[in-house]
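Number of protein chains: 4
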Amino acid sequence: MTFCKNKCADCKSVCKMNEELLNREDDFEGDIIHDECGVFGAYDFDGHDVSSTIYYGLFALQHRGQESAGIAVGDTNGPKGVKCYKDMGLVNEVFNNENLSKLNGDIGVGHVRYSTAGSSVRENAQPLVINYVKGTLGMAHNGNLLNAVELREELSYTGAIFQTTIDSEVIAYLIARERLYAPTVELSVRNAMRRIKGAYSLVVMSPKKLIGARDPFGFKPLCIGKRDNTYFLSSETCALDTVGAEFVRDVEPGEVVTITPEGIFSDKSLCQEKHARCIFEYIYFARPDSKIDGMGVYESRIIAGKILAQTHPVEADLVVGVPESGNPAALGYSIESGIPYGNAFIKNNYVGRTFIKPKQGERESSVKVKLNVLKEAVAGKRVVMIDDSIVRGTTSARIVNLLKAAGANEVHVRISSPAFLHPCYFGTDIPSEDQLIASGHSVEEICKMIGADSLGYLDVTRLSEMIGGKTDICDACFTGNYPIEPPKIDIRGEMG
Amino acid sequence: MTFCKNKCADCKSVCKMNEELLNREDDFEGDIIHDECGVFGAYDFDGHDVSSTIYYGLFALQHRGQESAGIAVGDTNGPKGVKCYKDMGLVNEVFNNENLSKLNGDIGVGHVRYSTAGSSVRENAQPLVINYVKGTLGMAHNGNLLNAVELREELSYTGAIFQTTIDSEVIAYLIARERLYAPTVELSVRNAMRRIKGAYSLVVMSPKKLIGARDPFGFKPLCIGKRDNTYFLSSETCALDTVGAEFVRDVEPGEVVTITPEGIFSDKSLCQEKHARCIFEYIYFARPDSKIDGMGVYESRIIAGKILAQTHPVEADLVVGVPESGNPAALGYSIESGIPYGNAFIKNNYVGRTFIKPKQGERESSVKVKLNVLKEAVAGKRVVMIDDSIVRGTTSARIVNLLKAAGANEVHVRISSPAFLHPCYFGTDIPSEDQLIASGHSVEEICKMIGADSLGYLDVTRLSEMIGGKTDICDACFTGNYPIEPPKIDIRGEMG
Amino acid sequence: MTFCKNKCADCKSVCKMNEELLNREDDFEGDIIHDECGVFGAYDFDGHDVSSTIYYGLFALQHRGQESAGIAVGDTNGPKGVKCYKDMGLVNEVFNNENLSKLNGDIGVGHVRYSTAGSSVRENAQPLVINYVKGTLGMAHNGNLLNAVELREELSYTGAIFQTTIDSEVIAYLIARERLYAPTVELSVRNAMRRIKGAYSLVVMSPKKLIGARDPFGFKPLCIGKRDNTYFLSSETCALDTVGAEFVRDVEPGEVVTITPEGIFSDKSLCQEKHARCIFEYIYFARPDSKIDGMGVYESRIIAGKILAQTHPVEADLVVGVPESGNPAALGYSIESGIPYGNAFIKNNYVGRTFIKPKQGERESSVKVKLNVLKEAVAGKRVVMIDDSIVRGTTSARIVNLLKAAGANEVHVRISSPAFLHPCYFGTDIPSEDQLIASGHSVEEICKMIGADSLGYLDVTRLSEMIGGKTDICDACFTGNYPIEPPKIDIRGEMG
Amino acid sequence: MTFCKNKCADCKSVCKMNEELLNREDDFEGDIIHDECGVFGAYDFDGHDVSSTIYYGLFALQHRGQESAGIAVGDTNGPKGVKCYKDMGLVNEVFNNENLSKLNGDIGVGHVRYSTAGSSVRENAQPLVINYVKGTLGMAHNGNLLNAVELREELSYTGAIFQTTIDSEVIAYLIARERLYAPTVELSVRNAMRRIKGAYSLVVMSPKKLIGARDPFGFKPLCIGKRDNTYFLSSETCALDTVGAEFVRDVEPGEVVTITPEGIFSDKSLCQEKHARCIFEYIYFARPDSKIDGMGVYESRIIAGKILAQTHPVEADLVVGVPESGNPAALGYSIESGIPYGNAFIKNNYVGRTFIKPKQGERESSVKVKLNVLKEAVAGKRVVMIDDSIVRGTTSARIVNLLKAAGANEVHVRISSPAFLHPCYFGTDIPSEDQLIASGHSVEEICKMIGADSLGYLDVTRLSEMIGGKTDICDACFTGNYPIEPPKIDIRGEMG
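Taken in sequence, the protein lines are chains A, B, C and D. Counting in this note's numbering, the first sequence runs from 1 upward without gaps. Counting in this note's numbering, the second sequence runs from 1001 upward without gaps. Counting in this note's numbering, the third sequence runs from 2001 upward without gaps. Counting in this note's numbering, the fourth sequence runs from 3001 upward without gaps.
Derived by calculation from the structure, the hints in this document are not laboratory data. In this text, a Cβ means the ideal position worked out from N, Cα and C, and glycines have one as well. Each statement offered as a hint is correct.
Selected chain C positions facing chain D (in silico; Cβ < 10 Å):
| hint | residue |
| --- | --- |
| 1 | 2084 |
| 2 | 2085 |
| 3 | 2128 |
| 4 | 2152 |
| 5 | 2153 |
| 6 | 2158 |
| 7 | 2161 |
| 8 | 2162 |
| 9 | 2173 |
| 10 | 2176 |
| 11 | 2179 |
A few chain C positions that, by computed beta-carbon distances, are all more than 10 Å from chain D:
| hint | residue |
| --- | --- |
| 12 | 2093 |
| 13 | 2098 |
| 14 | 2147 |
| 15 | 2194 |
| 16 | 2268 |
| 17 | 2323 |
| 18 | 2391 |
| 19 | 2407 |
| 20 | 2421 |
| 21 | 2445 |
| 22 | 2453 |
| 23 | 2469 |
| 24 | 2470 |
| 25 | 2472 |
| 26 | 2482 |
One chain only, chain A, in its complex shape:
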């Protein structure tokens, strides 16, 4: 089962560490950096129903959250009120022809959600629909607030009640309170944004307006699309492609965009110079066919691969990616290095929510059930294996092990991101430091622990090259340089 051939003293302890990783209670899911949420909004000025289009939009954003899905719609010309349906499950599990056809209206918002286990209850599904002083709002939110605890406490002291544990409810309260003084809902959104700190991309529907807003640092993406007389807001451009809409432009960090039949209005009063866009959107979260803030995700991954080839070259016979996100970087590595690109893994795409995970002790591990190696492709070869990240190390160890068991002579692991060292407070579910393999081990140690013949991370100083040299990114999980000072206590948990 172990790959080590030399029985040297030092190696033994390393092998032991490797064995330990291989035998840890199976936690394939726990070893993935989870996406957070996806938001989508649509407003058809011609009055046609938008729920079906939002369904396809959410379907294209499914990779951003597989736990719950929801759609809220209103009829700008009909009776007041918002119809909403949401539940735990994938978009195509939550919605069927029957419930979708009841969601008739020409304006609407949708949401897909991932959440930490504790808050994985139906009550926390989005969109949130609230009745307040000026009518009804529907709201979908992607991100995580840093001052949510303080704001909840403050609101509580003026009599607020909370029925969920999501940050979105805090934002909704603030919008409602600001609306008591502000003449319009978009100004209320803007004013509420002055009070919240953190990462948020918001899509809000009021009875006659569709509003998009992005936090001043621009942590999370949000863009505008258009199809005939219908306007869209979406976390990613891939959803615009799916619904046949053209990309209009990104919402700017700090901007509040108000979409109405009278025109598209922009409030940039909260825009600031310093941005901190989440680099992990490019590395792993976003779909490769999306373009975020002007940079294509696929291209950025190709570049990462090229950089790896420059900084961590190796003599090898084959470059392979760990599907799916490792593939473009592998292609980049191949182009830059001249080592042939190939496929080494077949991924089983039928794993669904109800999949029965192998129990500890069963001969089928989660990794093996989901990934199989193309033996003939790797046998006898020196393989460069590109993956997007190493979290706890268990998955990496198992995949390296699969390759060795399939006959690979050498396995050189290249990671298309720097090493995770710090927690994220802005909506990415990175485990606490003590679980991050990189926080307690040197690269050399990690290399041995995962059983690789060599290991190279993307150099953090070259990270910005992935997005064309722009440096307005948040790389805090690698560097600890938080754009906003993190809270004293760990408030992570209820991201939207």
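Dock chains B, C and D against chain A, hints included.
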């Protein structure tokens, strides 16, 4: 299809009215005065789980609401927070061993709900669980507020947001706001009660207290039970019997009862002399094996039957009740009149939520599918048929028609309540006046319209005899004498 | 918990037996003689769809089997073949608008099934649809064969394969084999009947014929109905009432009825003089509003009550029935004895398939959850309690206990059937002898064991009076006089 | 919408054909050659449960059939009989911990199925479990018989009844009949095989034996695996990898393998020289990580791509594959041609059975919802697009259109199989000839119809190179050279 044998001119128009009733689009469900809600609470001072007992308690209260069910529990010795599960459906559809076993805790509240169609959405299911300045509250509510619209507006103007359309959310807000000033949660409940007008029986769980409260008029029932070291609050005593608990006493109108291991505390500062207990609990809503405010429901229905025999005697061969609630009154009529009691109807108890209703034009009507006549029992006989009420008249007409078709020579209808003439604002779903057959027609006309040979209602002046002569009842739906002035606009709808 | 007041030596052991019964692991379901199956067929000569009418027919027969339900239909004018849908569950759980609307055709059969636990799998649900030499047959069967094991073996030895464990498959095979020689399907049915021994009421649909058949002894009921140009076959007349059809006549024991647009044909060649109609249909199985072989079920139960009053008189204040089937007998007892009739029990009708049964040791027993006592109705009274049967005795002991706990001074139990002493081989699920309380105990002992003050069974010699003096009944479960010699080995199990 | 820039007369009609293809009612599903079935068997000589392992095995074979799934198990040391659970749906939809844990036993077979629409009913799901003269058999079958109609008729004339429309039932009958004379079940299987013509890979479990059989031509794959003391039979080796088993060998065409604790026995009496292995397993059906009859599927696709590069070279900037099966061939084309390989498409893997397909007229087409183009990767480039086949042409036209819309300057389509011209009678669901675009159009016409700049198919004469030069293949769908004479009437439909 018609039963009339004489083809006289006058009769023809009557027959036409009868035929019209018989042929109206099937609305069996719409022709029932619906129960509203049932509440149940439990607190085991020995620390055992209460969710299973609440399940059986709700099961016994199922007749009070078949649309949604929910249970919320907390652990007074464990981590903070309340676990809640609720969904659309019957108690035994919503709960299974899996979700019930996750609701562990020694204090809890439960709810079954009926609602008007418009608000029949999952968001409105109870119990309501809220986080507020002092922690978490679970709340179940039976009743309807008269000033909910004003209160919502008022709360909105101080920044409140509403995520449901149920009155319970308004009450929760008021409790939360009062808690900013009141030293205890029970005082907050008491103070909130000062602000709300209408009918409400409340069961509230705070982290360490189970609180029951009843509005000062005592519209809705609520009682206290005990089993070893476990205390209960319940809409009806039948649920106490089911869980093997003893009846302790009724909560008094206006009283706030606080149940803690340190003792049961009572705050009667809102108690008042004038009560207005809903007489329809005795006539139809409550289960006959319940005792409400000291009076047995079964016995009160027997008395109603006896009064009918005194005030509307008739020569006949058989007295029958329309199942289920007509049976005790029929027995009373039989005892008083000496006319033999018998069964005439077999009710199909397998009708569930998913039952496919006969379409207009199909030969099977909803009434016929649910009720069949024992032909041999009624053929050739003069039958006294006792029912609890006439709403639109369609069901009565159809049942009379079934009896005649089965060979009954005469059908004398006796109704164990006075005629419905006025809307209810306190939580009973009586249709609007224009749909009430009694509001536009004389007794004689109604008699002809439903095809009966004679018709007699319970005399409203003798209503109080049903409950032993006590006159502290609300009979507004018969008399229009509302204990609280009704609102100018029709605010009915979202009862709890 | 015990009701005994005298602490005499003898009594102690009796009380112990009573306590034991009360404390046995809860087996409310196991203490009921289960219905078997219900069959229904329809053929609309005008070509309209019959599936919706079959749905309502099965719904009226639901009491005969709550485990699985199914409908098979064909189109006599359309493409060949039979569409069938069946599953585990109640009629209204199995069918919805979607799957029912796909079952279009003018001829069809339906089935509801109860089964013993071991065979409770979807494969055994009916109707059975088979393709054979002459096309397609749909078949629904109520009963149990005595020679099924031999026939299966015999068929196996000529290469038959079996995909279910139900007798109906054996019958289907025989019909198919006979069809190789017989000129018509109805003759094949007749010839197959020559080979099978036991109880069976069959409804068979061939491409253009609806066929009903009843075994020569007539164990199970089957009748013919008519509505305009639609003909029906049904286990009970109550289903005819529900679908608005008139009763035409019963199928005679041994008769094969063939319904076609050309006429209704009858083959009585297998009819015989000796009949053995199951008396338990009248005592318990059939719905009281059904008429079986010319005798009303309700009336027969009234008579049983009257006989009990004659043979087992007692001084008492109140006669009550154990719902539902005990009520008519209680009424009969009251009429004959002059003791007032009343209600003592409220039954919770919301118990569904998914109901979570109380666990051993929980304070809520299955009996208490399903039945509650009207305390005020029985307190201080001497009560005659009528039930239809005693099986193991546990339920009787618990109900007597409930009455005593509610304050009844005396409880005199009267059973509207003789004591169960022998197994049934014809389709009724009577437990084996060692579980029948009557097979090992005298009436006096049973009386003490169930905690009653007196106990009286219906005299077996007067059983025939229940059905107007006719003696062509099967009373083998009481007398051991089997109309057909029972098999040497216990072949019970797979009744249809 | 059209891509054509020159408005020449000829082009117009071509463009019209292209438009027609693009606008045809969406039939993405209909434009895929469907897999048929996958079979899997396991026998643990140490007596441990095999159902969980069969679950993972079927999961790895899911690509061979997504319509129904089932597992049947027996206990060789316990009570007789086979437990089976099967239903419509994916493996992870059909099975959950509850139903899987009930399937305990040390021997078992599993099945995944695709079927033509008409037979997509639960009754046709496999495995088939039959009781016959010698006990119980479980059976799973992949393939299609040519003489099923004749055999059914013949069996009918000796009294057989059929409850499904699958060929497997015919095979089961033959085995049962042969068993009357044959001393062992494996000989019965062998003898039954003498009677059937067509394609079949069978896995059969008898009480103590696991039997695998493959038709004499070897149309469908079947292999043997081993893990400690557990033996496996599987359609593909990828399932062996998933469950951690080693590949032992392929079952030979015509061979009957009997696996028992006493040894693995082989009966090769039906083996013949002429084989006709389905080449489409390599082209599209099988998972690339499988090895079939000694040839790796991935490698064979690489070779196909290389041949295409040799026979249909073109000047271009980028080679892309249509996911998933087009990718290896694209890699092969790239290697051979030197044109860089890249990704052009992102496939949405979340499409499940319940996915709501876009309606005609909606702006989201099925193709667009499932595939999106990486614009930046293809814009301005001359693209070689490799797909595995063209069926009706609609999907190809739409994908070419997507590439052009994304800015591709030229799109050269290369197909890694010859053109479909003939129906398959051996279990592959190829549409009838009139729907095959290649049967009525020249390559040049097809090229224009799908909007490509050039089009090249794999040369049928070089097909055998894909599998290392072996010529024992069935290529009848391309050549019409059927290894067995096809039936006069079209009997396709119920493949297993």
